[in-house]
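Mind docking chain B on chain A? Use the hints.
So the sequences go chain by chain: A and B. Here the working numbering is used: position 74 in the first sequence is 74, and no number is missing along the way. Here the working numbering is used: position 588 in the second sequence is 1588, and no number is missing along the way.
Hint data in this document are derived by calculation from the structure and do not stem from the laboratory. Quick reminder that beta carbons are idealized off the backbone N, C-alpha and C, glycines included. Be aware that one or more of the hints could be misleading.
[Unchecked claim] Under the rule of at most 20 Å between Cα atoms (straight-line distance), these lysine to any residue pairs were calculated in the SDA-like manner: (1) B:LYS1611 <-> B:GLU1239; (2) B:LYS1359 <-> B:PRO1081; (3) B:LYS1209 <-> A:CYS36; (4) B:LYS1209 <-> B:HIS1547; (5) B:LYS1164 <-> B:ALA1767; (6) B:LYS1727 <-> B:VAL1586; (7) B:LYS1164 <-> B:GLU1239; (8) B:LYS1803 <-> B:VAL1738; (9) B:LYS1209 <-> A:CYS15; (10) B:LYS1209 <-> A:ALA30; (11) B:LYS1029 <-> B:ARG1737; (12) B:LYS1209 <-> A:MET12; (13) B:LYS1029 <-> B:LEU1568; (14) B:LYS1209 <-> A:SER10; (15) B:LYS1803 <-> B:GLY1698; (16) B:LYS1029 <-> B:ASP1555; (17) B:LYS1209 <-> B:GLY1297; (18) B:LYS1429 <-> B:LYS1359; (19) B:LYS1359 <-> B:ASN1515; (20) B:LYS1209 <-> A:ARG13; (21) B:LYS1209 <-> A:LEU57; (22) B:LYS1209 <-> A:ALA9; (23) B:LYS1164 <-> B:GLY1154; (24) B:LYS1164 <-> B:LYS1611; (25) B:LYS1429 <-> B:PHE1499; (26) B:LYS1209 <-> A:SER39; (27) B:LYS1429 <-> B:ILE1500; (28) B:LYS1209 <-> A:PHE8; (29) B:LYS1429 <-> B:ASP1555; (30) B:LYS1029 <-> B:PRO1526; (31) B:LYS1164 <-> B:GLY1148; (32) B:LYS1803 <-> B:ARG1737; (33) B:LYS1209 <-> A:PHE27.
[To be verified] Example chain A residues on the side facing chain B (calculated, C-beta under 10 Å, incomplete): (34) PRO6; (35) MET12; (36) VAL14; (37) TYR29; (38) ALA34; (39) GLY35; (40) CYS36.
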Amino acid sequence: MQKRDPLFASVMRVCAPLLVWAAHFFFCYAYVAAGCASSTVLGVTTALALSACCGLLWLSWRGRMGKGTLLDMGAFLASVLSFIAITWSTLPLIFMSACKAV
Amino acid sequence: MKDAALNPTTPSSLPRPPDELARLARAWKTPTGLRFLTSINNTTIGLLYIATALLFFILAGVLALLMRVQLAVPDNTFISPGLYNQLFTMHGTVMMFLFAIPVVEAIAVYLLPGILGARELPFPRLSAYAFWAYAFGGLGFFCSIFVGLAPDGGWFMYPPLTGKAFSPGLNADFWLLGIGFIEISAIAGAIELIVGILMTRAPGMSLSKMPVYAWSMLVVAVMIVFAFPAVIAGTALLELERAFDWPFFIPARGGDPILWQHLFWFFGHPEVYIIFLPAAGMVSTMIPSISGTALVGRRAIIVALVAVGFFSFALWAHHMFTAGLGPLESGLISAASMAVAVPTAIQVFGWIATLWRGKVNWCGPALFLMGFLFIFVLGGLTGVMVAVVPFDWQVHDTYFIVAHLHYVLIGGMVFPVFAGLYYWIPLIKGRALSERWARWVFGLMFAGFNTAFFPMHLTGMLGMPRRVYTYGAEMGWSGLNMLSTVGAFVFAAGVVLFFIDLVRSQRLPTLPIGNPWNASTLEWLPNEAYATRSIPQIDSAVPLWDHPGLAAEVDAGQHWLPGTETGLRETIVTSAVQARPLFVQVLPTDSWLPFIAALGTAAFFLLLTIKWNVSAWVCGIVAVAAIVAWLWETDQAPVQEQVRVADHVILPVGMLGPRSHAWWGTAIMMVVDLTIFASFLFAFIHISMRLNICPPPGAHLPDARWQIGACALMLASSALVECSRRKLAAAHQAWLRVLTALALVLLVAGFAATLLGQRAAGLDPVAHAWGASIAALLAYQGMHIVILAIIAIYLIVRSWDGKLHGRNRGTYNNSVLIWHGTVLQGVFGALAVSLLPQWMGA
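So that you can see chain A by itself, here it is in the shape it has in the complex (with noise of 0.2 Å):
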């Protein structure tokens, strides 16, 4: 019996917004750790990231209208959950001096 089994694509689908939280948070922790010398870069990693979010939302919001199965739902929670810790990791960006002096 050779049907599909896609573990790869299933995992990922509800783990890229996931992902895309955590590659935010770990690139502006090592950029403001190494000692960063624009805000410019953390403020477009940002928008990158809220943007990815947001479009991963819209893809997941599809297909949430879809099946609404596990996985369905899964991609939806997950990118929801993301924006909103993307969104949390920001405000200390906006409100505390952007980059320390080294």
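For chain B alone, kept in the frame of chain A given last:
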């Protein structure tokens, strides 16, 4: 092959052959007498594992009571300051490493095959090895306190306090070597759980129908794979510093104590969730049963588990707010610490909604679940408080933190585990614990816990630091401390009562197990040593509720694999997402080898700690010999090519390549290995970043020609074994042996070139932490070369013996995977060491 999911009737028909059940029982018979120690069945090992973990819970609890006696009154002299240091270090270490993590893995080893409808987890000997190594190593480690050699630097072992200068004795080494290899046990368990959950579910149990508990254990096992390597690397670095004076954490020579904190907490914070998520999975399993209704928001809860798994990796530095991180780094970590509360809250609201919708049966498990909700939510709220950086600065290292962490860990893990014990103990002998006693046990534990730990919030706010062996009466903490001590003893009385009831009830004769909580999950199907008589076909997320006749059908042998076709232990391997039957896996039988290997491993590490080097190496060689002998028995040609698993379904026996369980196990092990390597690499980068000039004065980069030559040799060795795997394994065994030997020569030559290049550049691991961090990368690579040398010899001998032909190629495939991983590390390490300083210097 026919798809049974489309078949409205059961997979196997009646009547069954008369000797089928007897053959099945014979294959899975649990040995008796002394040979019981050879048993590897998950139910036997699982119970021993749980019992050992509970023993450590009691032992570490006794240490806590001793501390509470000391703190009951001011200026007490009951315990000396030195012993007090050992007590709090051992209490934290034993509770975290020898109770909390092992007990959640132990419960999974015991329960998961039942919940998944499998006969057994895929690597039962690995489970047995992990358990025995943990039991021997843990007990040996605990005994260090009786001779005054217990670690005394706190359970997170911060250098420089734990460096050689301030901790010259063996105490710290016991922690580093004793705990170091117990972490390996946890990783072995994680590999077992991931492969078991993804490959051995009952046919039809797709990921969307998989029980929430299995989801939680899958998430936790993946977290272990990525979290534990950081602390393994950290312990290795600290032990290298202590043993060989490589100054990773000594600032005077370019080291940095903060490096330890990063490595420790990158493990240590996910670990809190590694402990909590299994408990959350148990709660999600028990609450529907005790409230008689399906879990509200089941899909959202599953996604929340996954999200918590991700977010928990961004919280490590909230243990380091006072360590001098920049304000923006702290802000990012603070935001993530609050973000993790969202998916956690999704679960809590799901549980409350389920209780609200259903009709709660106020039994023993229900009481502990209520206690869990109350205490854990309070701990979560104080968690949000300490996630706020300025507040954390005020209460850091005070008793407020002690209160917070006990609310989270006892609330989030001990209460659910006790609920779980009440809930699942009837699985052992059909004997539930007393409901009347349960009220007393719960009452004492709940009241005792809150009496002990709630006042600590106040003592902390009043400024009492943690880890002080006494305090003056003038501080004004006396009354609150006395209250905490009284509470601790009340809590302990509840625990004692529980164990008395446990012994009392389990000494009674066995009763039929049935389904006492009217649960929906498969562990309540009729069970023997072989698990269920036949493996059920699953069509629902709540199979026992939607299919009331399932137990009778399964017990009559009407479902999958109702006997043993090969006469050996077997389970069905199904596809990872849809759980379609793929093949039958023959499982290993009981053996002394895991027991001997574990004994040897534990003795090696413990004897090495006390510097009995010859005895240690003898034990180490015994362990390696036992493991090689154990491996030799694996990957045998199947006794049958195909077996009938249902009326109309015939499946192959065993599988090669990425569909085999062994390939997956090896691949996950390589992910762990590469993550350990990444942690060493992080140490190198961290130390480099602290330099004004990179490389530091007096140090030099190796000549690029040595590095390029080394990379070329290593890549060539990888190409040779790959070519050998693809082209030769089937037919040309002589060439396979020649190429494998040649590949080993190239690999050793590549490593030698790396070493010679570094030596020519004057690498000195003692003079400066920068050199030490490169030496650590080289040492890790060197360890792999030694392992691959053993593997290459093993492969050549196996080929000579005719055990690498045709269907036996799994051993070669998996060895090649390890080979590629080693070469990848070697090449990446050489590039990083050569290029990064140039980039940073620029």
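Results of checking the hints against the structure:
Distance hint between LYS1611 (chain B) and GLU1239 (chain B) is fulfilled; the C-alpha atoms sit about 13 Å from each other, no more than 20 Å. A hinted pair counts as satisfied when its Cα atoms are at most 20 Å apart, and LYS1359 (chain B) with PRO1081 (chain B) does not qualify at roughly 53 Å. A hinted pair counts as satisfied when its Cα atoms are at most 20 Å apart, and LYS1209 (chain B) with CYS36 (chain A) does not qualify at roughly 47 Å. The straight-line distance between the Cα atoms of LYS1209 (chain B) and HIS1547 (chain B) is roughly 14 Å, inside the 20 Å bound, and the hint therefore holds.
Annotation: proposed proximity of LYS1164 (chain B) to ALA1767 (chain B) holds, straight-line Cα distance about 16 Å (limit 20 Å). Proposed proximity of LYS1727 (chain B) and VAL1586 (chain B) is contradicted: the alpha carbons are some 27 Å apart, above 20 Å. For the proposed pair LYS1164 (chain B) and GLU1239 (chain B), the alpha carbon gap of about 10 Å is at most 20 Å, so the pair holds. Our distance criterion of 20 Å between C-alpha atoms is met by LYS1803 (chain B) and VAL1738 (chain B), whose separation comes to about 16 Å.
The straight-line distance between the Cα atoms of LYS1209 (chain B) and CYS15 (chain A) is roughly 19 Å, inside the 20 Å bound, and the hint therefore holds. Taken as a hint, the LYS1209 (chain B) and ALA30 (chain A) pair is broken in the structure, with Cα atoms around 39 Å apart against an allowance of 20 Å. As the CA atoms of LYS1029 (chain B) and ARG1737 (chain B) are separated by approximately 40 Å, the hinted pair breaks the 20 Å bound. Among the hinted pairs, LYS1209 (chain B) with MET12 (chain A) is consistent with the structure: their alpha-carbon atoms are about 19 Å apart, no more than 20 Å.
Proposed proximity of LYS1029 (chain B) and LEU1568 (chain B) is supported: the alpha carbons are some 11 Å apart, at most 20 Å. For the proposed pair LYS1209 (chain B) and SER10 (chain A), the alpha carbon gap of about 14 Å is at most 20 Å, so the pair holds. Among the hinted pairs, LYS1803 (chain B) with GLY1698 (chain B) is inconsistent with the structure: their alpha-carbon atoms are about 53 Å apart, more than 20 Å. Distance restraint check for LYS1029 (chain B) and ASP1555 (chain B): the Cα-Cα separation of roughly 18 Å lies within the 20 Å cut-off, and the hinted pair is therefore satisfied.
Restraint check for LYS1209 (chain B) and GLY1297 (chain B): the C-alpha separation of about 14 Å stays at or below 20 Å, so the hint holds. For the hint linking LYS1429 (chain B) to LYS1359 (chain B), the alpha-carbon distance of about 28 Å lies beyond 20 Å, and the restraint is violated. Distance check on the hinted pair: LYS1359 (chain B) and ASN1515 (chain B) sit about 18 Å apart at the alpha-carbon level, within 20 Å; holds. For the suggested pair LYS1209 (chain B) and ARG13 (chain A), the alpha carbons sit about 18 Å apart, so the restraint of at most 20 Å is met.
Proposed proximity of LYS1209 (chain B) and LEU57 (chain A) is contradicted: the alpha carbons are some 24 Å apart, above 20 Å. A distance of roughly 18 Å separates the Cα atoms of LYS1209 (chain B) and ALA9 (chain A); the hinted pair therefore holds under the 20 Å criterion. A C-alpha spacing of about 15 Å is found between LYS1164 (chain B) and GLY1154 (chain B), which places the hinted pair at or below 20 Å, so the restraint holds. Only pairs whose Cα atoms come within 20 Å are accepted, and LYS1164 (chain B) paired with LYS1611 (chain B) is accepted, the gap being roughly 16 Å.
Distance restraint check for LYS1429 (chain B) and PHE1499 (chain B): the Cα-Cα separation of roughly 16 Å lies within the 20 Å cut-off, and the hinted pair is therefore satisfied. Note on LYS1209 (chain B) and SER39 (chain A): the hinted pairing is violated, with a Cα-Cα distance of about 46 Å set against a maximum of 20 Å. About 17 Å separates the Cα atoms of LYS1429 (chain B) and ILE1500 (chain B), which keeps this hinted pair within 20 Å; it holds. Taking the CA atoms of LYS1209 (chain B) and PHE8 (chain A), the gap is near 18 Å; set against the 20 Å cutoff, the hint holds.
At most 20 Å may separate the alpha-carbon atoms for a hinted pair to count; LYS1429 (chain B) and ASP1555 (chain B) meet this at roughly 18 Å. A distance of roughly 16 Å separates the Cα atoms of LYS1029 (chain B) and PRO1526 (chain B); the hinted pair therefore holds under the 20 Å criterion. With a C-alpha separation of about 17 Å, the suggested pairing of LYS1164 (chain B) with GLY1148 (chain B) holds against the 20 Å cut-off. Note on LYS1803 (chain B) and ARG1737 (chain B): the hinted pairing holds, with a Cα-Cα distance of about 12 Å set against a maximum of 20 Å.
For the given pair, LYS1209 (chain B) sits about 36 Å from PHE27 (chain A) by alpha-carbon distance, which is inconsistent with the 20 Å threshold. Evaluation of the PRO6 (chain A) hint against chain B yields a held restraint, the C-beta minimum of about 7 Å falling below 10 Å. The closest approach between the C-beta of MET12 (chain A) and any C-beta of chain B is roughly 12 Å, which is over the 10 Å cut-off, so the hint fails. The closest approach between the C-beta of VAL14 (chain A) and any C-beta of chain B is roughly 6 Å, which is under the 10 Å cut-off, so the hint is satisfied.
Given hint, TYR29 (chain A) at the interface with chain B, holds; its Cβ is 5 Å from that chain's nearest Cβ, closer than 10 Å. Hint status for ALA34 (chain A) relative to chain B: holds, with the closest Cβ pair at about 7 Å, below 10 Å. Annotation: interface hint on GLY35 (chain A) holds; nearest CB of chain B at approximately 9 Å, less than 10 Å. For CYS36 (chain A), the interface hint holds, since its Cβ comes within 10 Å of a Cβ in chain B; the closest pair sits about 9 Å apart.
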